[in-house]
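A.B. asks: Read off the chains here:
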Amino acid sequence: DQQVKQNSPSLSVQEGRISILNCDYTNSMFDYFLWYKKYPAEGPTFLISISSIKDKNEDGRFTVFLNKSAKHLSLHIVPSQPGDSAVYFCAARDISSGSARQLTFGSGTQLTVLP
Amino acid sequence: NAGVMQNPRHLVRRRGQEARLRCSPMKGHSHVYWYRQLPEEGLKFMVYLQKENIIDESGMPKERFSAEFPKEGPSILRIQQVVRGDSAAYFCASSGPGDTQYFGPGTRLTVL
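Protein chains in written order, with my numbering: chain A, 1 to 115; chain B, 1001 to 1112.
Looking at chain A on its own, in the form it has when it is part of the complex (with noise of 0.2 Å):
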C-alpha cells in the first residue's frame, strides 16, 4: 500500500522552463512534506519542505505547494536549469506513528531538462 505517489515516473523539460513535479498522498495523518533531489550514487539532498498548515513555501527557484483536500503536493522549479536533472522524491511525515519521526517516501521522478 504506496501512502505516498510520484505516478510520473520521468519528466523532461527544456532548460529556462518550469519544471512541476507532482505527489499524491492518502494518509490524512501526514502533517509535513518534503522534497528531496537525487543525483547517482548519492544520496538524497534536502530541497525544500512545508507544513500541513501551509500551503505554500518558497525558497528561490523552488516552490513547494500544498492542497490538503486533495491531498496533493507539488514542487516547482523556475526557471529550470540543466543542473536540476536529478531524481525528486517527495517525502511525508506521519504524526501518528511510532515516533512521529519517520518519513515515508514516493518512487521518485527523473527530472531530465534538455539545454
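Certain hints may be false.
To be verified - Derived lysine to aspartate or glutamate pairs resembling DMTMM-like cross-links, with alpha carbons at most 20 Å apart:
hint	chain 1	residue 1	chain 2	residue 2
1	B	Lys1044	A	Asp1
2	B	Lys1027	B	Glu1052
3	A	Lys38	B	Glu1041
4	B	Lys1044	B	Asp1086
Unchecked claim - Heads up, incomplete: computed chain A residues facing chain B, CB under 10 Å, no partners named:
hint	residue
5	Val4
6	Pro9
7	Ala100
8	Thr104
Hints are computed from structural coordinates only; laboratory data are not their basis. All of these numbers come straight from a predicted model, not from anything done at the bench. The beta carbon of each residue, even a glycine, is placed where N, CA and C say it ideally should be.
Keeping the supplied structure of chain A fixed, place chain B upon it in accordance with the hints.
C.D. replies: Chain B only, in chain A's frame:
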C-alpha cells in the same frame, strides 16, 4: 566535512556473512535514521535512534537486522547472515530537534 558520513560506500559480502554499516551524524545532531532503497523504489524507513536508545524500529526486519547508536562513536546497522535480497542502498540520515532529515551518501551492499 559537516555532512552525514557513511562508510563503507560499497560493501560486498557473500551469503551468510555479516555486514556492518556505519554512520556519523552531522555535528550537533543527536537523531539518526536508517533507510533502505531497493532498485527502482523509494527509500523505506528502517529505524530511528538517539544516543544509546532505539526510539522506533517499526521498519526493521524482525530477524538478522540490528542497529545501535552508542554513547561514543558512529551508529551501526548490522545485518547478520546476509542473503541476496539484502542487496540494496542503505542510507543514514540525521536531524537536530527540528523535522528536516539530512542524508549521507549511502552504502551500497552487494550480496554475492
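A.B. asks: Compare the structure with each hint and give your call.
C.D. replies: Hints versus structure:
1. Only pairs whose Cα atoms come within 20 Å are accepted, and B:Lys1044 paired with A:Asp1 is accepted, the gap being roughly 13 Å.
2. Using a Cα cut-off of 20 Å, the hinted pair B:Lys1027 and B:Glu1052 holds, with the two alpha carbons roughly 17 Å apart.
3. Taken as a hint, the A:Lys38 and B:Glu1041 pair is honoured in the structure, with Cα atoms around 13 Å apart against an allowance of 20 Å.
4. Between B:Lys1044 and B:Asp1086, the direct Cα distance comes to roughly 13 Å. Compliance with the 20 Å bound is thereby established for this hinted pair.
5. Satisfaction of the interface hint for A:Val4 is found here, the shortest Cβ-Cβ separation to chain B being roughly 8 Å, below the 10 Å cut-off.
6. Interface restraint check for A:Pro9: the shortest CB-CB distance to chain B comes to about 9 Å, inside 10 Å, so the restraint holds.
7. Look at A:Ala100: its Cβ gets to within about 9 Å of chain B, closer than 10 Å, so that hint holds up.
8. Among the interface hints, the one on A:Thr104 holds; its C-beta lies about 7 Å from the nearest C-beta in chain B, closer than the 10 Å criterion.
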